[in-house]
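From these two lone chains plus the hints, build me the complex, please.
Below, each chain spelled out in residue letters.
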Amino acid sequence: MRLAAPLERLIEALRKLPGIGAKSAQRLAFHVLRGSRDDARALATALLEVKDTLRLCTLCFNVTDIDPCLICADANRDRSQVCVVEEPHNLIAIEKSGFRGLYHVLHGSIAPLRGMGPDDLKIAPLLERLRDGSVKEVILATNPNVEGEATAVYLSRLLKPLGVRATRIALGLPVGSELEYADEVTVGKALEGRREI
Amino acid sequence: MVLRSQPLGESDRIVTFLTRSAGKVRAVAKGARRSKRRFGSNLEPLSRVRLHYFEREGSDLARIEAADLLESFYRLQEDPERGAILACMAEVADAFAREQQEDESYFRLLHAVVRAVRDGMDLDLAARYFEIWTLRLHGVLPSLSSCARCGNELGARGGVYDRREGGVLCRRCAPGRPPGGVVLPGQAVEAAGDILRRAPEALIGREVAAHGLAPLADLAEVVFFDLTDRRFKSYEVLRALRGSG
Ligand SMILES: [Zn+2]
Ligand SMILES: [Zn+2]
Numbered sequence: 005m006r007l008a009a010p011l012e013r014l015i016e017a018l019r020k021l022p023g024i025g026a027k028s029a030q031r032l033a034f035h036v037l038r039g040s041r042d043d044a045r046a047l048a049t050a051l052l053e054v055k056d057t058l059r060l061c062t063l064c065f066n067v068t069d070i071d072p073c074l075i076c077a078d079a080n081r082d083r084s085q086v087c088v089v090e091e092p093h094n095l096i097a098i099e100k101s102g103f104r105g106l107y108h109v110l111h112g113s114i115a116p117l118r119g120m121g122p123d124d125l126k127i128a129p130l131l132e133r134l135r136d137g138s139v140k141e142v143i144l145a146t147n148p149n150v151e152g153e154a155t156a157v158y159l160s161r162l163l164k165p166l167g168v169r170a171t172r173i174a175l176g177l178p179v180g181s182e183l184e185y186a187d188e189v190t191v192g193k194a195l196e197g198r199r200e201i
Numbered sequence: 065m066v067l068r069s070q071p072l073g074e075s076d077r078i079v080t081f082l083t084r085s086a087g088k089v090r091a092v093a094k095g096a097r098r099s100k101r102r103f104g105s106n107l108e109p110l111s112r113v114r115l116h117y118f119e120r121e122g123s124d125l126a127r128i129e130a131a132d133l134l135e136s137f138y139r140l141q142e143d144p145e146r147g148a149i150l151a152c153m154a155e156v157a158d159a160f161a162r163e164q165q166e167d168e169s170y171f172r173l174l175h176a177v178v179r180a181v182r183d184g185m186d187l188d189l190a191a192r193y194f195e196i197w198t199l200r201l202h203g204v205l206p207s208l209s210s211c212a213r214c215g216n217e218l219g220a221r222g223g224v225y226d227r228r229e230g231g232v233l234c235r236r237c238a239p240g241r242p243p244g245g246v247v248l249p250g251q252a253v254e255a256a257g258d259i260l261r262r263a264p265e266a267l268i269g270r271e272v273a274a275h276g277l278a279p280l281a282d283l284a285e286v287v288f289f290d291l292t293d294r295r296f297k298s299y300e301v302l303r304a305l306r307g308s309g
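As given, the protein sequences belong to chains G and L, one line each in that order. Note that the working numbering numbers the first sequence so that position 101 is 105, with each residue one more than the last. Note that the working numbering numbers the second sequence so that position 57 is 121, with each residue one more than the last.
The shape of chain L in the complex, shown without the other chains (with noise of 0.2 Å):
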């Protein structure tokens, strides 16, 4: 699937993947922007494409031969708001995956995901779930059902995030905020819990309320942040296009 893609000179692109057998792929689309033809809309974010690219000696950068087109998302990006959720998730996955290390599980988490939110699963719940998998995928989920530090169950009464601690903290452990931590209420645990047991064509129709699902979303920029050091652009455009909306 398409990450990515970026003008490269005149005529070019370079394309990032999310590959099924090969992890994070980058390659060259030669023409791609003067012939239209070529690529069509093959390239564009989250197609999922058959792709043959050759490896370059000496360089990351492979070179497309062809791509075809199996499934189309572009139709699904036209909606503002739904094309910039679809970009964070993309924009994720770029800074997740790892060039040339195949990472099957994460190619069928995005795509499962994609196909979900074309389905009619709710955004924020879709987002949340790429999210939550992405780090459980990853090896870097804090245990979001107990505490990390007595073992308690966090149940209703929910936890806290502490970031010096890396993990989640029950209401007896941390009762008040540590600096900087996140405050996850019963409902955020709950909806964590459905997320973690089903898969997200099972969980289109429900809605989650927002207090459920927002400090899942404050956890995921926090953890993000602590393993990349970095903010998502895709986060804050959607932010603006909520703002303005």
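One chain only, chain G, in its complex shape (with noise of 0.2 Å):
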């Protein structure tokens, strides 16, 4: 069966999206359909709004759409510590932690494979940041992976001649996991990060 022009192009457009697949995609489709226009163009406008006015912050490469970003201005942070991530979304991650400093976002990981360099990231800017010395430490939450070690122990020793305290976040186990299920990778990285309770 073949749909109205205008229905298969949303269709079509939906199932770009990554975790759509055909049925979900007309199912959507439908949906848009039905409902009322202002709908539609909401999600029309909040679409094309991200695209316009979304752009990064020149002092932690955060997506925002004010520069600096809200979290770079806030001045209820702690701008003694910057938490150091991959890429944007990884910030959510750490933020809904509940962590109280700031970030820097590398956008990427040294990945050989893919042809990332540290040229490809944004750590020139993260040294001109540590600058003037107010930043006194560096937490290092790059992806528990081998490029994301490989980039933190890259920073790491760029750091350690400005004298920042460079850190790394605890890998481990998984919560409501079991140790038996664990790989001998995980569990090593676990012992490494034990601590004293």
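The set of hints was computed from the structure by calculation and includes no laboratory data. Using N, Cα and C, we set each Cβ at its ideal position, and we do this for glycine too. Some clues are possibly wrong.
As the list claims (entries may be wrong) - Covered by chain G, per the in silico footprint, the following chain L stretches (three or more residues, Cβ under 8 Å):
(1) 127 to 138
(2) 142 to 153
(3) 290 to 304
In structure tokens form, the structure reads like this:
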């Protein structure tokens, strides 16, 4: 069956979104069709606004509509700590945990197989931020995979001569899991990150 | 062994393996990104796993049922430079291994070289070892001991790799340097001889001067490029890491 052309176009556009298959795209398209014109306009406007008004914060490189971003501009945050993450969505995960310092988004990791080297990341502006000495600790929260680890080690070596304390988030067992099912690397990391209780 | 692991959609991964008995295998790990408990570090690059997978009708992508970790080289890759060298090997292996085509000696080569790196083999020597043997095992290594034209020993005077000829010429047959060719001094010929005669573990602790290894790196780069028509990304990143290092 061929659907009306505008409907086909909407389904096609929705299908390009991650995690949306043909069926879901069709369901979403019909949902929009049944809904009010105002809802459709709000959705369309929101989509365009994301592209038109969002940019990167010139301090931390998080996505923002105002520069510096709300986090960088917030006077109540602890300016002595900077948490380094790979991507903006990683920042959201840390933020949810209640962290109250500042951030720095690298926009990737050192990934040789993808051709991503240190110069492709926002590393130089991070070092620039550390120059005035107000940041005392840089928390390296890159992802727990080989690329994230290598990136953390690389950054820690750059930070050492600057006299800034570099820390790595503890890696180990996911909450709610069981020890016997964890692999040896995970358990090794967990032991390494142990602490006094 | 895992050669690379790329995200697929929201929660899956496509993992490329070099296997002992089926050459290169590409397979989807369902839910590998969402539930870390399922695969943990098992699907990280160079992990050696016991792999259970299903081939899927009409698809060159298999589906991973289980991947039990036998040997991990995760910690080895935490050092950025060492990680980049190992990534170079994985990228080369990905380019040379054929899908679903048994290539046990290539599997054994990768495994032995990665182990030797873990046990302290010089990084550049290991990289050259992997490159030269990659070419050798795939039947495309030019002779590095005698002249491709007159057959004389290259010996201490070395030789020159001629791209058009696809072989190394002695200094008498090629007094100059052909366009795009690579000059191989006597030390490089000697280092190549060591590499071809010995197992990687026998070269742990061996120091080979840079002027012996660097020409072999240039040679591999030229031959790889002529064979695959591409430059490997990992080598660029390694250069960048060393440049800023
Ligand atoms: Zn900001
Ligand atoms: Zn000759």
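Consistency of the hints with the structure:
no.	hint	result
1	127 to 138	holds (count 3)
2	142 to 153	holds (count 7)
3	290 to 304	holds (count 6)
In the structure shown, no violation is registered for any of the earlier numbered hints.
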